[in-house]
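2 protein chains.
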Amino acid sequence: MTTLQLLQQARAARGAMATASTEQKNRALSAMAEALEAHTPAILAANAADMEAARGQISDVMLDRLALSEGRIAGMAEGIRQVAALPDPVGRVLRHVERPNGLVIEKVSVPMGVIAIIYESRPNVTSDAAALALKAGSACVLRGGKEAHRSAAAIVAALREGLATAGLPAEALQLVEDTTRKSANELMTAVGYVDLLIPRGGAGLIRSCVENATVNVIETGTGICHIYVDAAADLEKALAIVENAKCSRPSVCNAAEVCLVHRDIAAAFLPRLRGRLTEDRSARGETPVELRLDEAAAALIPGTPAGPDDFDTEFLDYILAVKVVDSAEEAIAHIAAHSTGHSDAIVTEDDDAARRFTSLVDSAAVYVNASTRFTDGGEFGLGCEMGISTQKLHARGPMGLEELTTYHYIVRGSGQIR
Amino acid sequence: MTTLQLLQQARAARGAMATASTEQKNRALSAMAEALEAHTPAILAANAADMEAARGQISDVMLDRLALSEGRIAGMAEGIRQVAALPDPVGRVLRHVERPNGLVIEKVSVPMGVIAIIYESRPNVTSDAAALALKAGSACVLRGGKEAHRSAAAIVAALREGLATAGLPAEALQLVEDTTRKSANELMTAVGYVDLLIPRGGAGLIRSCVENATVNVIETGTGICHIYVDAAADLEKALAIVENAKCSRPSVCNAAEVCLVHRDIAAAFLPRLRGRLTEDRSARGETPVELRLDEAAAALIPGTPAGPDDFDTEFLDYILAVKVVDSAEEAIAHIAAHSTGHSDAIVTEDDDAARRFTSLVDSAAVYVNASTRFTDGGEFGLGCEMGISTQKLHARGPMGLEELTTYHYIVRGSGQIR
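These protein sequences, in sequence, are chains A and B. Final position of the first sequence in this note's numbering is 418; the numbers increase by one with none missing. Final position of the second sequence in this note's numbering is 418; the numbers increase by one with none missing.
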């Protein structure tokens, strides 16, 4: 089927999704989870074929992301059941006014219509994204990476079976067959078919969407996150936060890439930071962090001199750029110039510095004395997430079910004219 | 000054705007209103020069929109004072959670940063848009039409004087000097400078923004609005609503362009509709409405046969396309295919038909038994508006102050790591 035909089917199915009751959507999600488990052998066979074809073509880290197992499939089914258990984001009355002329105006949350997601090779995104979009009352068009296509097709076949069991149209869930750049471009420009496009992937994909899309896009996931260690920081807290933000999972978008250190505590802090991130980690057999140092930091500790791009790079690796600043204001200005607006933190015991930082740093999540790694739908109490928005329009930070809906006004009268 | 220089100034001023207190912003707005009145002679002189240059170049309707008077300037000042009186949309705590790990997570409304508005020749938009953007805590970049440039420059000079009086940076309000297409394109692609672009104008401008913008855009204002007169309609209400929606102000976006009539009442309704919109109006000396009829309607009343584009045209004139449909479902399907998603209405006494219509029609405002002309910030109780959004992302329908803000998360901890 062509991408246009898929989009037409999805569009035709969105009315049924929009008017499905909460109970019906939840029944469909339960059936999708069951079907996923029931299809485990077929999904594993498709995944084995994907793995076979990809071996030698992609890195071991990517291969590991691609690999499925009985346990991972059970985890995906569990994820769908968790979405079923969340409150329905559709039909919330966000505002209710009765006007002097008798008009009753309600602002009500409604589905987007058709949500398209472009992602890469993690098969679990297929079921997560489908469950979230469908629970949010929208039809869902998935376009995954070519390496995972057989796996995704087997997963989608199972999920569609579940949808149909509950009396909802299987056409509400579509997997784009073409995995070339052409289909990505078709989705980006499918005005009238795609109500919301969410790219989940590397910086190149996001940039391509921002530059080429004519449909509504929510940018996700690029994170150059900063930890600013203030003059009034508790250095123990700072050490723990920087290590956690850098090392607990360096490949994710909420990991820290840059540490800014106030000049007044730099001589006390930087040697301890280096000990914590390099020697201590090596001694425990953990990967040490490579420090890329600006001139002032390099005067205090050994490390790699920072190159011109090191304060604008999402390393996604055991690398941390370190810079000494003269003031909280300089830190804030550096963040304004270099942050991707994802998550930035201050470590300080000074309430005034914290207040200035939270009011002037213009990022989706601004932290005081905590690791940036908490920027996550589950950690924020949203129950799940479709991704982390780094744009300002519509949704910022972790996008849960509510952020996947829009609203409209329903105005009820008795013949009012103006 | 080049557009880039203006944008740099606006960007530099956004911190001062973002941290300004409500009291300071309101003081600035009052001073802006006063300065506008004090500058009346200079503004009228600039406007006279604009009018002089435009005469013969633009239509009389456009000339009337361009014209200022002492009364109109006083009205603009009053509009600014009304914005000052509205609640501050910045700093609202939209959500407050304390997580089991002790993190306190607040979702707080914050300014967009820099809001750019591209508009056409109505000088009052200059002061309205500036007042709204500044009250919403953002710097504001205005790019008006060339015909009104002298007027806009005189108005902006007055407004900036007011801003400075209250200790806020005059640079937070910018008027783009270049009024060619080049500056519009510069704003559309000013990633890193413009946080939100709002085009206010004709369909061509909106389309150009959707196609070319790489910054976040909110589409406004194109309205192909429908009134569906159901089989169970109260025909008196239907006549009043259709006449009001079509004729009370045909040049605005919430005016109706299409009337869909259920077959069962077409023979009873259409002759009365024709009488109401043509003979009755002519008899009162009012402009009669030209009816463009589909085949079934043309079999019942005289009128112009509808051409192929008549159900996809925003006439903005005393013209109404009329079509007979077999069912509410056909009306809903027609609206799905032809509406711009602005405002669509059903006239019916049947609650079930009303419910199906409001749940299936996917427009910013969906009406039951009321005129589409109520889609307006003031009529909706928002106090004012920046425009009517016809997109689904971020804001739908009338955009008041809240819709001009975004939010972010502030997460306060005591050293939490993940």
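Hints may contain errors.
Which stretches of chain B does chain A cover? Using the computed rule of at least three CB atoms under 8 Å from a CB of chain A, they are [said to hold, decoys possible]:
no.: 1; region: 10-21
no.: 2; region: 68-77
no.: 3; region: 211-217
no.: 4; region: 363-372
no.: 5; region: 378-387
Source of the hints: derived by calculation from the structure; they are not laboratory data. Where a beta carbon is used, it is the ideal one built from N, C-alpha and C, also for glycine.
Exercise. Any hints this thing doesn't respect? Which numbers, in order?
Worked result: Number 2 only.
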